[in-house]
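Number of protein chains: 2
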Amino acid sequence: MNALLLVAHGSRHQQSNDEVFELANQLKRDDSINYDIVHTAFLDVAKPSIPEGIVACIKEGASSITLIPYFLNSGRHVVSDIPDIVKEAAKQHPDVSIKIAPHLGDSDLMAGLLIEIVNSMHC
Amino acid sequence: MNALLLVAHGSRHQQSNDEVFELANQLKRDDSINYDIVHTAFLDVAKPSIPEGIVACIKEGASSITLIPYFLNSGRHVVSDIPDIVKEAAKQHPDVSIKIAPHLGDSDLMAGLLIEIVNSMHC
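Going line by line, the protein sequences match chains A and B.
Here the first sequence is numbered in the working numbering, starting from 11 and rising by one per residue.
Here the second sequence is numbered in the working numbering, starting from 11 and rising by one per residue.
Hints in this document: simulated from the structure, not taken from any laboratory.
In this text, all values refer to a predicted model and were calculated from it rather than measured experimentally.
Any given hint could turn out to be false.
[Unchecked claim] Listing some non-contacts, in silico: residues in chain A with all C-beta distances to chain B over 10 angstroms:
| # | residue |
| --- | --- |
| 1 | D40 |
| 2 | P58 |
| 3 | D91 |
| 4 | I95 |
| 5 | V96 |
| 6 | K97 |
| 7 | Q102 |
| 8 | H103 |
| 9 | P104 |
| 10 | E126 |
| 11 | V128 |
[Said to hold, decoys possible] Output of the computed footprint for chain A on chain B, the stretches with three or more beta carbons under 8 angstroms from beta carbons of chain A:
| # | segment |
| --- | --- |
| 12 | 28–38 |
| 13 | 124–131 |
From the three backbone atoms N, C-alpha and C, an ideal C-beta is built for every residue, glycine too.
The task is simple: from the sequences and hints, build the whole structure.
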């Protein structure tokens, strides 16, 4: 089974973390998503951590896990921190394929999303 | 004329700021956008500041400015900091309509964007 792990930074404000959990719930409910399992993890501050999120996916039967970094910019977290954590975690689970999708802000579709938001505001 | 002001947090890493400028350039080039003017501003760390971005829009002839907060979560920056700065700036420009669009992470379209990114990774 294929799992998607939505990875956000994590915040001391529980509402921000809850927004990420809610987004993952939206992904779960969406019929067009090509993943059997969806979980959430946080790089820092909040729980579950990325290694914990990977274990949660494996416990549900995942043989392949794709992390999507819910980050806007290609800073240190995206370029180094998340790959380093995933590399370590992958050593613990050699039978599971773990890969990292491009981070959210890297998407060519971002401009289109912003335009949809702001055009709906235009009067 | 209508102006769009893309507002990001701002980073000490110039590449992250440059990504925001590049995104604004994509918005400018997009034929479907309902705004005559597009500028970028940063809440903190980087320049131009939000008040400077508002002035840049007005100098190009904007009578209406819509800020779009390029933020994922409804933390303090989105809930208080940006509205407080805009409120102060609006006092300096009473003839200009200045409004704030919902922040990026608030969009119902976000789940769809994530699904497009991760489905393209699926194998």
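Quick rundown of the hints versus the structure:
Its beta-carbon lying about 6 angstroms from the closest one in chain B, D40 of chain A breaks the requirement of being farther than 10 angstroms from that chain. Listed as a non-interface residue, P58 of chain A keeps its Cβ farther than 10 angstroms from every Cβ of chain B; the least gap is roughly 18 angstroms. Every beta carbon of chain B lies more than 10 angstroms from that of D91 of chain A, the smallest distance being close to 14 angstroms; the non-interface claim holds. The Cβ of I95 of chain A sits about 19 angstroms from the closest Cβ of chain B, beyond the 10 angstroms cut-off, so the non-interface label holds.
With a minimum CB-CB distance of about 14 angstroms to chain B, V96 of chain A clears the 10 angstroms threshold, and the non-interface call stands. The beta carbon of K97 of chain A is kept farther than 10 angstroms from every beta carbon of chain B, the shortest such distance being approximately 18 angstroms. With 10 angstroms as the threshold on Cβ separation, the claim that Q102 of chain A sits away from chain B holds: the shortest Cβ distance comes to roughly 22 angstroms. No Cβ of chain B comes within 10 angstroms of the Cβ of H103 of chain A; the nearest lies about 18 angstroms off, and the non-interface call holds.
Against chain B, the non-interface label of P104 of chain A holds: every CB pair exceeds 10 angstroms, the least being about 19 angstroms. Distance to chain B contradicts E126 of chain A as a non-interface residue, since its nearest Cβ pair spans about 6 angstroms, not more than 10 angstroms. Chain B draws V128 of chain A into its interface by the beta-carbon criterion, the shortest separation being 5 angstroms against a cut-off of 10 angstroms. With a cut-off of 8 angstroms between beta carbons, the segment 28–38 of chain B has 5 residues touching chain A; three or more are needed, and the interface restraint holds.
Residue count for the segment 124–131 of chain B with a Cβ under 8 angstroms from a Cβ of chain A: 7. That meets the three needed, and the coverage hint holds.
The structure fails hints 1, 10, 11 (numbered hints given earlier, in ascending order).
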